Amino acid sequence: MSALTREETQALIQEVLEVYPEKAQKDRAKHLAVNNHDVEQSKKCIISNRKSLPGVMTVRGCAYAGSKGVVWGPVKDMVHISHGPVGCGQYSRAGRRNYYVGTTGVNTFGTMNFTSDFEERDIVFGGDKKLTKIIDEIEMLFPLNKGITVQSECPIGLIGDDVEAVVKRKATETGKAIVPVRCEGFRGVSQSLGHHIANDSIRDWVLAKRDGQAFDSTPYDVTIIGDYNIGGDAWSSRILLEEIGLRVIAQWSGDGTIAEIENTSKAKLNLIHCYRSMNYIARHMEEKYGVPWLEYNFFGPTKIAESLRKIAACFDDQIKEKAEQVIAKYQPIMAAIIAKYKPRLTGKKVMLYVGGLRPRHIIGAYEDLGMEVVGTGYEFAHNDDYDRTIKEMPNATLLYDDVTGFELEEFVKRIRPNLIGSGIKEKYIFQKMGIPFRQMHSWDYSGPYHGYDGFAIFARDMDMTINNPCWNNLTPPWLAKSKDDTLHKAA
Amino acid sequence: MANIMIRQDTSGDLIFYLAKKDLEEKIIAIEFNSPDKWGGELKLADGQAYYVTPFTERPKLPITVRARRL
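Residue numbers (this note's numbering), protein chains in the order written: chain A, 1 to 491; chain B, 1 to 70.
A couple of the hints might just be wrong.
A short, non-exhaustive set of chain A residues, derived as facing chain B with CB atoms under 8 Å [stated by the list, open to error]:
# : residue
1 : E286
2 : E287
3 : D384
Straight-line distance between alpha carbons at most 27 Å, and here's what the computed DSS-like set of lysine-lysine pairs gives [stated by the list, open to error]:
# : chain 1 : residue 1 : chain 2 : residue 2
4 : B       : K20       : A       : K43
5 : B       : K37       : A       : K44
6 : B       : K60       : A       : K43
Please keep in mind that the hints were generated in silico from the structure rather than gathered at the bench.
These numbers were taken from a predicted model, which means no experiment stands behind them.
Beta carbons are placed, not taken as given, at the ideal position from N, Cα and C, and that holds for glycine.
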């Protein structure tokens, strides 16, 4: 088994593009590329963050998905109102598995769906009155909420409701943080703009609230930014940081609270896991508060050790020493896991198509297991993500941006990877094609995958997916060449 | 004119960041870089050049400023 050569990969892209009309072909060609380590800047080989081609299948989300589903949604002690028709909130409710601690419906509201349930009347006469009413009702029914965000859905922007006015009035009345987020779904080309809008709303409405207030800080205060605690990811990251002697004062936003967000600017260092969704606020905090930021990667022992050293290098010798101790402590445990699973997984080819940070961050974890990532792509990345990806991916592998349903299927048919990691919409297509699949948006209902503890689960999950005996039963009995014993027994 | 952010990375190089274009690039040359005048033409590693109205003193980085493409 060997990966495709550069020419073969290029030929494959050409072959797949051939079915498109000329104009579409030209457009899509810019989004598909062969990885080349010689290219310094991704924009020379791949174009990203452009409007999807009409008429093709895309798995992108909308700005509302980026704001409510990703950035704001996991903030557990706030009520997030899906302001607009009922569907957007209902169909995205709790799907991302952002775990949190608390009593849902009393002091935490993560898995609940609050919506203003717009009807024709509200579209015609405006929904401001309804929003006022819903905020009053929330205050009455859930008095322990620490704040409210109003996540606008498409119609709000279209009819021009003055959400900000309602919010300002209600915020003075209740004295709580009430944040309008103008993340109407039609804004931008993908959920990426929703992340940006949500970051900006945090900047404008929340972050400066505790400026000048006393805070009991230590020289070791850090924050975890861009970890959404999917299946408990942030927890398995947090314990590592605490083990090396740092104090995590905020989690953004998995299992996070509004108080933590308000205190973030008091940290000594912001640690960023998901660069795509949270870099905006980190850059802002660097400028306004002088808090530096650092990207890290907690997938797989190699990258964890690398990241722990990188983080420790920002602090004194005591932390550096502890980081080495922690790495040494987990080394034998990780070696045992690799010894167990690597022989079963080595040489297997993986194709990824997810969003955010995963298409590049997970590569290290697969490589620790002896697997090879032969293709990767993002749903909604920008140039800077591909800049970072090119270095991580092996040479001459396939890069695809906002890949269409057709293209991904054709690539898979040709490359025949041993595992695909993508979303639920792709899962059953590829399983029916006989290829093992992991749903990598929410870790296929497993997790956590971050940290040393997460790697153990990651390795187990990959093994039980790829080496599942069901893949041997793809040939129906009547097509099997020789009748084996089981058939006789069944008869 | 666009809002850009200039910051210093860990190795001390100046980094130019233009959010709207996802352009993050090293600044290889800056026209004025003295304590009493700072800014002017910024040459980026990818060959582009931007102009920032010079400051009368060296600003505290990172800083967001308006820049014009040359």
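* To do: With a cut-off of 8 Å on the beta carbons, see whether D384/A makes it to chain B.
  => Cβ of D384/A sits 5 Å from chain B, so the hint holds.
* Are the Cα positions of K20/B and K43/A separated by 27 Å at most? -> Roughly 14 Å separates the two Cα atoms, so the pair holds.
* To do: Compare the distance between the alpha carbons of K60/B and K43/A with 27 Å, and conclude whether the hinted pair is satisfied.
  => violated (31 Å)
* To do: Would you check whether E286/A satisfies its interface hint, that is, whether its CB is within less than 8 Å of any CB in chain B?
  => For E286/A, the interface hint holds, since the closest Cβ of chain B sits about 5 Å away, which is under 8 Å.
* Are the Cα atoms of K37/B and K44/A separated by 27 Å or less? -> Distance of about 35 Å is beyond 27 Å: violated.
* Interface hint compliance - E287/A to chain B, C-beta minimum distance less than 8 Å -> OK, holds: E287/A within 8 Å of chain B, min 5 Å.
Consistency with the previously given hints fails for numbers 5 and 6, ordered from lowest to highest.
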